[in-house]
Amino acid sequence: MVAAIIFSVMLIAGFGWFGINILKIRSNILLGRDIDRKDKPGQRWKTMALVALGQKKMFARPIPALLHLGIYVAFVITQVELIEIITDGIRGSHRIFMSSLGGLYTLAISIIEVLSVAALIATIAFLTRRNILKLPRFKKPEMKGFPTFDANLILVMELILVTCIFTMNGADEALYLKGASHASHEAGSFGFAISSWVGPHLFGGFSVETLHILERIGWWGHWVMVLAFLNYLPYSKHFHILLAFPNTYYSNLEKKGKFTNMEAVTNEVKLMLDPTADPYAAPVADATPQRFGAKDVNDLTWKNLMDAYTCTECGRCTSSCPANITGKKLSPRKIMMDTRDRLVEYADGKRKNGKDYEDGKSLLGDYITEEEVWACTSCNACVQECPVNIDPLAIIVDLRRYLVMEESKMPTELTGMLTNIENNGAPWQFSPADRGNWIHED
Amino acid sequence: MSTLHVPTMAEMMAQGQTPDILFWVGCSGSFDDRAKKITKALVRILNECQVNFAVLGAEESCTGDPAKRAGNEFTFQMQAMMNIQVLDGYEVKKIVTACPHCFNTLKNEYPELGGKYEVIHHTQLIQELINSGKLKIKEGGVFKGKKITFHDPCYLGRANDVYEAPRALIEKLDAELVEMKRCKTTGLCCGAGGAQMFKEAEKGNKEVNVERTEDALETEATIIATGCPFCNTMMTDGVKNFNKEHEIQVLDVAELIANAAEL
Ligand code: SF4
Ligand code: SF4
Numbered sequence: 007m008v009a010a011i012i013f014s015v016m017l018i019a020g021f022g023w024f025g026i027n028i029l030k031i032r033s034n035i036l037l038g039r040d041i042d043r044k045d046k047p048g049q050r051w052k053t054m055a056l057v058a059l060g061q062k063k064m065f066a067r068p069i070p071a072l073l074h075l076g077i078y079v080a081f082v083i084t085q086v087e088l089i090e091i092i093t094d095g096i097r098g099s100h101r102i103f104m105s106s107l108g109g110l111y112t113l114a115i116s117i118i119e120v121l122s123v124a125a126l127i128a129t130i131a132f133l134t135r136r137n138i139l140k141l142p143r144f145k146k147p148e149m150k151g152f153p154t155f156d157a158n159l160i161l162v163m164e165l166i167l168v169t170c171i172f173t174m175n176g177a178d179e180a181l182y183l184k185g186a187s188h189a190s191h192e193a194g195s196f197g198f199a200i201s202s203w204v205g206p207h208l209f210g211g212f213s214v215e216t217l218h219i220l221e222r223i224g225w226w227g228h229w230v231m232v233l234a235f236l237n238y239l240p241y242s243k244h245f246h247i248l249l250a251f252p253n254t255y256y257s258n259l260e261k262k263g264k265f266t267n268m269e270a271v272t273n274e275v276k277l278m279l280d281p282t283a284d285p286y287a288a289p290v291a292d293a294t295p296q297r298f299g300a301k302d303v304n305d306l307t308w309k310n311l312m313d314a315y316t317c318t319e320c321g322r323c324t325s326s327c328p329a330n331i332t333g334k335k336l337s338p339r340k341i342m343m344d345t346r347d348r349l350v351e352y353a354d355g356k357r358k359n360g361k362d363y364e365d366g367k368s369l370l371g372d373y374i375t376e377e378e379v380w381a382c383t384s385c386n387a388c389v390q391e392c393p394v395n396i397d398p399l400a401i402i403v404d405l406r407r408y409l410v411m412e413e414s415k416m417p418t419e420l421t422g423m424l425t426n427i428e429n430n431g432a433p434w435q436f437s438p439a440d441r442g443n444w445i446h447e448d
Numbered sequence: 010m011s012t013l014h015v016p017t018m019a020e021m022m023a024q025g026q027t028p029d030i031l032f033w034v035g036c037s038g039s040f041d042d043r044a045k046k047i048t049k050a051l052v053r054i055l056n057e058c059q060v061n062f063a064v065l066g067a068e069e070s071c072t073g074d075p076a077k078r079a080g081n082e083f084t085f086q087m088q089a090m091m092n093i094q095v096l097d098g099y100e101v102k103k104i105v106t107a108c109p110h111c112f113n114t115l116k117n118e119y120p121e122l123g124g125k126y127e128v129i130h131h132t133q134l135i136q137e138l139i140n141s142g143k144l145k146i147k148e149g150g151v152f153k154g155k156k157i158t159f160h161d162p163c164y165l166g167r168a169n170d171v172y173e174a175p176r177a178l179i180e181k182l183d184a185e186l187v188e189m190k191r192c193k194t195t196g197l198c199c200g201a202g203g204a205q206m207f208k209e210a211e212k213g214n215k216e217v218n219v220e221r222t223e224d225a226l227e228t229e230a231t232i233i234a235t236g237c238p239f240c241n242t243m244m245t246d247g248v249k250n251f252n253k254e255h256e257i258q259v260l261d262v263a264e265l266i267a268n269a270a271e272l
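Chains A and B, in that order, give the protein sequences. Reading the first sequence from the start, the letters are residues 7 to 448 in this note's numbering. Reading the second sequence from the start, the letters are residues 10 to 272 in this note's numbering.
Hints are computed from structural coordinates only; laboratory data are not their basis. Any given hint might turn out to be false.
If we take Cβ atoms under 8 Å as the criterion, some of the chain A residues that face chain B in the derived model are [as the list claims (entries may be wrong)]:
hint: 1; residue: Asn386
hint: 2; residue: Val410
hint: 3; residue: Met416
Here the structure is a predicted model, which means the values were calculated and not measured. Every residue gets a Cβ at the ideal spot worked out from N, C-alpha and C, and that includes glycine.
Here chain A stands alone, though its shape is the one from the complex (with noise of 0.2 Å):
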């Protein structure tokens, strides 16, 4: 009884905490501009079906894919045990689904045992990934501190997970054996895939009170692990597995190489090469932005912004980047990580000291410098690579809009190359008129 209510406090404190939490971050995203993403629903729901579901970016590179798989498949399936566990957990029952569902259940657990364990090879070759092979994508500068420990501290989680779990199971088994479980009164076997080996091979010298003790602590253990993943999900990287669904399902479906059309801008100059038109008539209704271009996160659209909370941080973007690749300063992902950083600053500080707050700080200079954003040749190699269809060359060219249309502020070369443009019609000196030479040079 004590513990049904122990539990109770926990799951609902557990789900609550997480659930403020979820809301947070969503109003955070709706800090963003508007943008119209909700056309073509059955072209999204396959792009979710395939990206986000089917892992189908992840596949360019079949080793990590399979782990990843692994690790995936495993937390989905695992959810069925959760519901048991949450059902027992209230009504103090033991195993409750098992009478029930009969052969059913023994597969089903089955199967999540020998998840857990891909999962947990998966999660050791993980870490061996990031700590002992080094791989460059993981030791760029935007990686020091924070991102390392929080990807590290989640892959010890899913370790303690995976034991309790078996600590659970194992105990439980041993119990049964020698007929003490509390899932039945006679001698015999879950018949699980790996713990009725794991059982009577690790647990079957301790005594029966032992052995009720530790498949109480995998149990407990277990559940608190839960919570703790749970609650910790939203501060990390690992809100990907949220995410990525409606990140997905939002994708930029046009073709990659076309670039947003600014209306404001298409208004004005509508305006200029129009003489007859009427200056005074009515503007269209909040096309004019409060400035053009973002230098802070809420010049950014709110896809934008759930692009930043969807980034696993994994780095494929920047390992692609021609200007990462040799050596420049700007890296697709750290542009990602800098906007979510910023936009949890911004927003908690707009949440503490009111929403008029400013705190003098921006997105482009205290986070994102000029170089980064003048490094970009747009190749789309990030955009192309990222598992879950973010888009970082959005915001690099968002980010260029701002320096050149409101602050006039990019490399001499490139002035000289728009002054041509406006004169010339080309972005070198010509005369216009020669524009036809070539046609009579041989």
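Keeping the supplied structure of chain A fixed, place chain B with the ligands upon it in accordance with the hints.
Okay, now just chain B with the ligands, sitting in the frame of chain A:
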């Protein structure tokens, strides 16, 4: 070499004719000495196949692509609107261009400003001409047995998913098409895109075109085929950087085809 036949839209209009297709030459193709050769190679192919085409000549102006990539939406839209006025004035329906940047901008970014045309890259047009039998390439031509590698232009490949047309053309040459380790969707940029062509690179430890040329050298190809005048410049400079300009040629796919067809 026979003289080129290049009518302008204005000339055609004066004679009451309408061309089937407009050849959008682009700034590079009009003014850059190296790129002009690519322009002429394409014209020779168009002439050979008696394609009813025209150019805008002095009425053409920059699409605005470099302005847009540099973040100046005003300059871009001014250019776009003026070009659309000219194009619509001539009732242009279909456009071919040898520049993936013009291709991308005309195809993807002009429609929202009112300019709606069917736009194709020159490699796609040449492929059509060969497939329909209008253009014939002799077997065992000048490129027989040569190793050729194709450098994917970002604005043709990743930006617009055109990977096959240029490769299909190279295969018609009886040559051996060898792929670089980074190709198609994973192709590495030449370093010119996003207005980089017009400025010094930021501080780093290497130029992007040098990194990319290394990929090409690894394939041991003697010809680097390109489909973009800017890639062509970048790869040519890259080859010079390794002092290989006497062993390795950088040629546009249009030039390869024109040479093979002995035009
Ligand atoms: S689009 Fe820009 S940031 Fe992305 S890979 Fe290319 S150069 Fe790097
Ligand atoms: S943007 Fe995408 S590819 Fe880049 S680190 Fe984040 S998840 Fe990985």
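When the structure is checked against the list of hints, which entries are broken? Sort them ascending. none
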